[in-house]
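Colleague: Sequence:
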Amino acid sequence: MSASGGTKAIVAALGANLAIAVAKFVAFLFSGSSSMLAESVHSLADSGNQGLLLLGGKKAKREATPQHPFGYGRERYIYAFLVSIVLFSVGGMFAVYEGYEKIKHPHEIEAWYWPVGVLVFAIVAEGFSFRTAIKESNETRGALSWTQFIRRAKAPELPVVLLEDFGALIGLVLALAGVGLAIGTGDGVWDGIGTLCIGILLIAIAIVLAAETKSLLLGEAAGTDQVEKIKAAVVDGDTVTGIIHMRTLHLGPEELLVAAKIAVQHDDTATEVANAINAAESRIREAVPIARVIYLEPDIYNESAARSGTNPAKDSTTDPAGSTAATTAPTAAAPAPAPVPDEDPDTPADPTETSH
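Position one of the sequence shown corresponds to residue 744 (our numbering), numbered consecutively onward.
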């Protein structure tokens, strides 16, 4: 599988996985090796996963609708989550079951050259694919470790491809070890043990994928470097003097929502504030091109007044992140007017007569 999110790369990987799955299944038919059966199902599951990634990428390109005003970018996250389910159920659970059955009812491997030959070929092919995935991931990974990259990547395709390729390589090595020990000792239990290990490996990878994709589905903020660029782009030092608080959210791998309350000068006109907001939006899009949905709310912020408030619950508004927005201190209520002496006591008081 290729790490590229492009359609051509995924289609090429889909074809390669299907071919490897067929070769492994043929080797299983000739040898009766449960490891080969588990590996053929593994490759078939990988092929299905590539199909899901293709489908998710296509659906994510749909235009926004009144029902889904922010578009369908998260479709890619949904289908990546389905990949983890397929890997867990079709790949992992089947391999565990097949390995358990083979351990209970072992038999010798026949025509051993079939599974050995196919496994060696598959290891070479998957090794080349994994090398390509690493090379393409390095273009966006930067200084992050591999663990950090997988956890922080906003495009689900790269973590999926890397983990699946890694799992495929380890699974092939386990299958080759199981088949080799079964051939060398004449005990088919080793083949079953290898199959069981493959199943456990696939389940572990599926759980990691599900956890990371779940975080994307819940909604992740922009990266630290992007947040700093946005903050620097908002403040112009003239009309916009600071950011009171800001929130970012990925609507998809390549679409970011930015919402912020900004501090402006108290003596600026509405036209000046509007022009400053438009200029700030342009600077944000230039600094972070994926920031496509931007909401900026102007406010007059007095930091000293916000800090000296005697009752923060009444005198200021604090957002969940700890940024405090200043509010105007409440004025003392004026005394209520005296009642009219000849007013009918049975007549209800005028609801408009309230304290000022």
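Be careful, since some hints might not be right.
The list that follows gives simulated cross-link-like pairs (lysine to aspartate or glutamate, EDC-like), each with its CA atoms no further than 16 Å apart [as the list claims (entries may be wrong)]: (1) LYS957 with ASP1042; (2) LYS801 with GLU1040; (3) LYS974 with GLU1015; (4) LYS1004 with ASP1042; (5) LYS804 with GLU997; (6) LYS1004 with ASP968; (7) LYS974 with ASP1010.
Note that these hints are calculated values from the structure, not bench results. All values reported here derive from a predicted model rather than from experimental measurement.
Colleague: Against each hint, give a clear statement of whether it holds in the structure.
Modeller: Going through the hints against the structure:
Distance restraint check for LYS957 and ASP1042: the Cα-Cα separation of roughly 35 Å exceeds the 16 Å cut-off, and the hinted pair is therefore not satisfied. The hinted pair formed by LYS801 and GLU1040 fails the criterion: a straight-line CA distance of about 34 Å is larger than 16 Å. A distance of roughly 20 Å separates the Cα atoms of LYS974 and GLU1015; the hinted pair therefore is violated under the 16 Å criterion. Straight-line distance between C-alpha atoms of LYS1004 and ASP1042 comes to about 7 Å, which keeps the hinted pair within the 16 Å bound.
Between LYS804 and GLU997 the alpha-carbon distance is near 11 Å, which keeps this suggested pair within the 16 Å criterion. Using a Cα cut-off of 16 Å, the hinted pair LYS1004 and ASP968 is violated, with the two alpha carbons roughly 20 Å apart. Between LYS974 and ASP1010, the direct Cα distance comes to roughly 23 Å. Violation of the 16 Å bound is thereby established for this hinted pair.
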